[in-house]
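> As they're listed, the protein sequences go chains A and B. Read in order, the letters of the first sequence correspond to residues 1 to 115 in my numbering. Read in order, the letters of the second sequence correspond to residues 1001 to 1113 in my numbering.
In short, the hints are calculated from the structure, not lab data. Using N, Cα and C, we set each Cβ at its ideal position, and we do this for glycine too. Incorrect hints may have been included.
[Claimed, not checked] Derived pair list, reagent style DSBU-like, types lysine-lysine, alpha-carbon separation capped at 30 Å:
(1) Lys1071(B) / Lys1056(B)
(2) Lys1042(B) / Lys71(A)
(3) Lys69(A) / Lys1042(B)
(4) Lys71(A) / Lys18(A)
(5) Lys57(A) / Lys1100(B)
(6) Lys1042(B) / Lys65(A)
(7) Lys71(A) / Lys1071(B)
[Unchecked claim] So, partial list: chain B residues that the calculated Cβ filter (under 10 Å) puts toward chain A:
(8) Pro1009
(9) Ile1034
(10) Tyr1036
(11) Lys1042
(12) Pro1044
(13) Gln1045
(14) Phe1046
(15) Asp1049
(16) Arg1051
(17) Asp1055
(18) Ala1091
(19) Leu1093
(20) Asn1099
(21) Leu1101
(22) Phe1103
(23) Gly1106
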Amino acid sequence: EAQVTQNPRYLITVTGKKLTVTCSQNMNHEYMSWYRQDPGLGLRQIYYSMNVEVTDKGDVPEGYKVSRKEKRNFPLILESPSPNQTSLYFCASSIARGSSYNEQFFGPGTRLTVL
Amino acid sequence: GESVGLHLPTLSVQEGDNSIINCAYSNSASDYFIWYKQESGKGPQFIIDIRSNMDKRQGQRVTVLLNKTVKHLSLQIAATQPGDSAVYFCADLEWGTVNKLTFGGGTRVLVKP
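Starting from the given sequences, assemble the full structure and let the hints guide the process.
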């Protein structure tokens, strides 16, 4: 089954404790992206990757890091989480050609709470 | 910065009726406009898109209308079903160095039996 998986699905942590949210896709997609979703703000892009070893900042990159060592994986790293990073996080992937960007496949989400 | 927004946060619809979800956009340089559906506890799911040089596109039970004069986008769902209950997001895509979706805030559709 073609899908995007994220782990963990739920995480409660404390300020300053480094964490990683994993994302993996099995569709051989070049493009991958991380979004955060907050009430009333819709989805905002954190980081994206056009292909292996190519990453760039989205609209809200502060406090986050990513890496793209393999095509299928795109982990999101919070080196020192803070309460304002409490949010619902989504990973997405798509083919990186023309209008294919429109159809992004989203993971199930990771709900993060930073105390 | 420019953004995509929505008129109505919540829309209640009787089962079997047609639904119309509206969206205003501000980026006149957008190349595509897209609708996503997000069911409770799930990630967004692509529904339909429309290129900026079109004014109407139909899918299965859905129609998207684009009015560039007033920068307005709408999604029409025919014969709304309980499974259509979800939050609907409009988004736009501008081709260039960064091919990035910009999402609006979302409209919740509640289907009443």
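> A separate judgement is required for each hint: does it hold in the structure or not?
Here is how each hint holds up against the structure:
Distance hint between Lys1071(B) and Lys1056(B) is fulfilled; the C-alpha atoms sit about 14 Å from each other, no more than 30 Å. The hinted pair formed by Lys1042(B) and Lys71(A) meets the criterion: a straight-line CA distance of about 24 Å does not exceed 30 Å. Between Lys69(A) and Lys1042(B) the alpha-carbon distance is near 27 Å, which keeps this suggested pair within the 30 Å criterion. Between Lys71(A) and Lys18(A) the CA atoms are separated by roughly 24 Å; this keeps the pair inside 30 Å, and the hint holds.
Taking the CA atoms of Lys57(A) and Lys1100(B), the gap is about 11 Å. The hint holds against a cut of 30 Å. For the hint linking Lys1042(B) to Lys65(A), the alpha-carbon distance of about 24 Å falls within 30 Å, and the restraint holds. Restraint check for Lys71(A) and Lys1071(B): the C-alpha separation of about 37 Å exceeds 30 Å, so the hint is violated. The criterion of a C-beta within 10 Å of any C-beta in chain A is met by Pro1009(B), whose closest approach is roughly 9 Å, and the hint holds.
Below 10 Å, beta-carbon pairs count as interface contacts, and Ile1034(B) has one with chain A at about 5 Å; its hint therefore holds. Nearest Cβ of chain A to the Cβ of Tyr1036(B): about 8 Å, under the 10 Å cut. The hint holds. Here the hint on Lys1042(B) is kept, as its CB sits about 6 Å from the closest CB of chain A, short of 10 Å. Annotation: Pro1044(B) was flagged as interfacial toward chain A, and the flag holds, the nearest CB pair being 5 Å apart, inside 10 Å.
The criterion of a C-beta within 10 Å of any C-beta in chain A is met by Gln1045(B), whose closest approach is roughly 7 Å, and the hint holds. Checking Phe1046(B) against chain A: minimum C-beta separation of about 4 Å stays under 10 Å; hint holds. Annotation: Asp1049(B) was flagged as interfacial toward chain A, and the flag holds, the nearest CB pair being 4 Å apart, inside 10 Å. Interface hint at Arg1051(B): satisfied, since its Cβ lies 7 Å from the closest Cβ of chain A, which is below the 10 Å cut-off.
Restraint check, Asp1055(B) versus chain A: the minimum CB separation of about 17 Å is more than 10 Å; hint violated. The interface hint given for Ala1091(B) is met, as the beta carbon of that residue sits about 8 Å from the closest beta carbon of chain A, less than 10 Å. Interface restraint check: Leu1093(B) against chain A, minimum CB-CB distance 6 Å, threshold 10 Å, status holds. Interface hint status for Asn1099(B): upheld, as the beta-carbon distance to the closest one in chain A is roughly 5 Å, under 10 Å.
The interface hint given for Leu1101(B) is met, as the beta carbon of that residue sits about 7 Å from the closest beta carbon of chain A, less than 10 Å. The interface hint given for Phe1103(B) holds, since its Cβ lies 4 Å from the closest Cβ of chain A, which is under the 10 Å cut-off. Interface restraint check: Gly1106(B) against chain A, minimum CB-CB distance 6 Å, threshold 10 Å, status holds.
In summary, the structure is inconsistent with hints 7 and 17 from the numbered list given earlier, while agreeing with the others.
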